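Use these hints to put chain U onto chain R, whose structure you have.
Number of protein chains: 2
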Amino acid sequence: MKTVQIAHGSGGQAMQQLINDLFMRAFDNPWLAEQEDQARIALASLTASGDRLAFSTDSYVIDPLFFPGGDIGKLAVCGTANDVAVSGAIPRYLSCGFILEEGLEMATLEQVVTSMAATAKAADIAIVTGDTKVVPRGAADKLFINTAGLGAIPAGIHWGAQQLQPGDVLLVSGTLGDHGAAILNLREQLGLDGCLRSDCAVLTPIIQTLRDIPGVKALRDATRGGVNAVAHEFAAASGCGVMLYEAKMPVNSAVRGVCELLGLDALNFANEGKLVIGVAPAAAERVLAQLQAHPLGRDAAIIGEISERRGVHLTGLYGVRRTLDLPHAEPLPRIC
Amino acid sequence: MKTVQIAHGSGGQAMQQLINDLFMRAFDNPWLAEQEDQARIALASLTASGDRLAFSTDSYVIDPLFFPGGDIGKLAVCGTANDVAVSGAIPRYLSCGFILEEGLEMATLEQVVTSMAATAKAADIAIVTGDTKVVPRGAADKLFINTAGLGAIPAGIHWGAQQLQPGDVLLVSGTLGDHGAAILNLREQLGLDGCLRSDCAVLTPIIQTLRDIPGVKALRDATRGGVNAVAHEFAAASGCGVMLYEAKMPVNSAVRGVCELLGLDALNFANEGKLVIGVAPAAAERVLAQLQAHPLGRDAAIIGEISERRGVHLTGLYGVRRTLDLPHAEPLPRIC
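These protein sequences, in sequence, are chains R and U.
Residue numbers for the first sequence follow full-length UniProt numbering, beginning at 1 and rising by one.
Residue numbers for the second sequence follow full-length UniProt numbering, beginning at 1 and rising by one.
Pulled out of the complex, with its shape left as it was, chain R reads as follows:
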């Protein structure tokens, strides 16, 4: 069949066929092959690398499904993997729930599933359990994905925003807003094709280079709400404040162009492959060098610090300080 039918989510033959022909083949691994109602994972495979389980979930509703630098399938692996990885864990296992709209082109679903499988394989992540629902035409827009991810946090690592204190240094692992600007360009037809590309990536490899550096305190990937949202989370969790330096923010010129065109701030744009990292002052230069030495962190920069003064503030290009509020909302819906 060339399109998704209601029967593909019904628990009958059609669903079994879709599972066998598409998901089992693409995600092929021994846990999935058992075909029980749950994946069964040896706890020893987790306790061998840590003492705590990192467990995270995200749903993906991005529109359009395909964009420069990725697609909803790649995003559904990267996003959840990164939410696990910023704890210091190596993401190992994913669950995957599809909500499909009746009439979706089967070729579209196959392309998304193939992309998920390739992204997971490259990151050594197994998609071990899943679910498929189909809703009638108009009850969902094309295709939504939920993933939940698991990994073990090494016993020595206790990264967390609550550990931040005044004087700690904030770094970002690369340019701001590439994902948000790429989607905005597509959706608003700004015509900047070719210059804008989502930064969607699994960040485990670059995070792993930070595991043995003393003084690394807190990591977040700056997704919805951008670096500004992470700054507010860091400020709230630490009970301190955050000072950011506008002049130090790495921003691609095309992203800067979109921001100027629309009067928006790249600090609020979504990223899908960028970390904000809080470190003790003594560790800052080492962390910066480590980030810049990695392909995922070439444009890393020190962008601010934790301050005594509560709230989030920005020192502007001309040295003027102002309060940086968390916007009521992002520039656009369905960014991830």
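Hints are supplied without guarantee of correctness; some may be wrong.
[As the list claims (entries may be wrong)] Taking lysine-lysine and the DSBU-like style, the derived pairs with C-alpha atoms no more than 30 Å apart in a straight line are:
id, chain 1, residue 1, chain 2, residue 2
1, U, Lys121, U, Lys142
2, R, Lys142, R, Lys121
3, U, Lys121, U, Lys2
4, R, Lys2, U, Lys142
5, R, Lys142, R, Lys2
6, U, Lys248, U, Lys142
7, R, Lys142, U, Lys2
8, U, Lys121, R, Lys142
9, R, Lys2, R, Lys121
[What the hints assert, rightly or not] Quick look at which bits of chain U chain R covers, simulated, 3 or more residues with Cβ under 8 Å:
id, segment
10, 3-15
11, 40-49
12, 94-101
If you're looking for bench data, these hints aren't it; they were derived computationally from the structure.
Predicted model only: the values in this text are computed from it and were never measured.
No residue lacks a Cβ here, since even glycine has one placed at the ideal position from N, Cα and C.
Okay, now just chain U, sitting in the frame of chain R:
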């Protein structure tokens, strides 16, 4: 605000407020309170009760959101908890992803979240990590939920459909098709209100009574596709066949009425609180007695056996045997 706005899923202030005012309060637990991008669960809390992690996910798209016996929130806890529990594990932790339609009544969301929280609390399950997306009006129908669940499988338990062999006995823990018939009645306005009620329930307590009985081989909860779908799964996984006895199927009279009215078979109707259990012949009577002694299993019955002959067959009321095919599709979409 009285309705869900796009801003509630944007990573900005509105989302933070929704998280703090609704989710954090309703699901209140120490893992969620950390407000990191991932829950951090002591692996010792899992290894203390088992050697394998059971990991399962389901998305819930049921329409209508509220029905006799439950709602989408209760279902989202029960369904995933049961998929974990049928491995022998005690479900302990859930993730939760909401996809909300812009304009959804906030009171509806609150009612669903309150129901999830109450169901989880009663089952001693913690909802430890979550995500909220909002899509524009018309891009989703009201509210979808994904949950993923975790629990540890005790070292001695290796239930699985592959262990079934000819002569093994099949039991069901209660009446067939209550959930499916209740939803069908609402959706098709059959007017049987008051008689039909979903069986939606967390099955951990009744499953736990079977853990120490030698000869219990395989458990599944009979959801989408009903008991017939489980029979086909058991047949496929064991490489044997399944024989079911029509006369032995426990079916509520109101459900029987719906089936006769519409020419449908309760064997294909969805359940949300019923187990199909495969056991060695010597264990059958003990398992039946154990089930019937539990409030969730009062109507338990022996309904069939594993046969040499491949495929799924039904011995009808008058002794005539026929092949029972897996239907191409369920009677209706969005049943769970």
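Verification of the hints:
The hinted pair formed by Lys121(U) and Lys142(U) meets the criterion: a straight-line CA distance of about 25 Å does not exceed 30 Å. Our distance criterion of 30 Å between C-alpha atoms is met by Lys142(R) and Lys121(R), whose separation comes to about 25 Å. The suggested pairing of Lys121(U) with Lys2(U) holds, with an alpha-carbon distance near 27 Å, which does not exceed 30 Å. For a cut-off of 30 Å, the pair hint linking Lys2(R) to Lys142(U) stands: about 28 Å separates their Cα positions.
In summary, the hint linking Lys142(R) to Lys2(R) is supported, as the alpha carbons are separated by about 14 Å, within the 30 Å threshold. Of the pairs offered as hints, the one joining Lys248(U) and Lys142(U) is violated, with about 40 Å between alpha carbons and a cut-off of 30 Å exceeded. Note on Lys142(R) and Lys2(U): the hinted pairing holds, with a Cα-Cα distance of about 28 Å set against a maximum of 30 Å. Between Lys121(U) and Lys142(R) the alpha-carbon distance is near 34 Å, which puts this suggested pair outside the 30 Å criterion.
A threshold of 30 Å between alpha carbons decides the hint, and for Lys2(R) with Lys121(R) the separation of about 27 Å falls inside it, so the pair holds. For the segment 3-15 of chain U, the stated coverage by chain R holds: 10 residues have a C-beta nearer than 8 Å to a C-beta of that chain, and at least 3 were required. Coverage of the segment 40-49 of chain U by chain R holds [criterion: at least 3 residues with CB-CB distance below 8 Å; count 7]. Closer than 8 Å: that is the beta-carbon criterion, and the segment 94-101 of chain U has 5 residues meeting it against chain R, so the requirement of 3 holds.
Violated hints for the displayed structure, listed by number in ascending order: 6 and 8.
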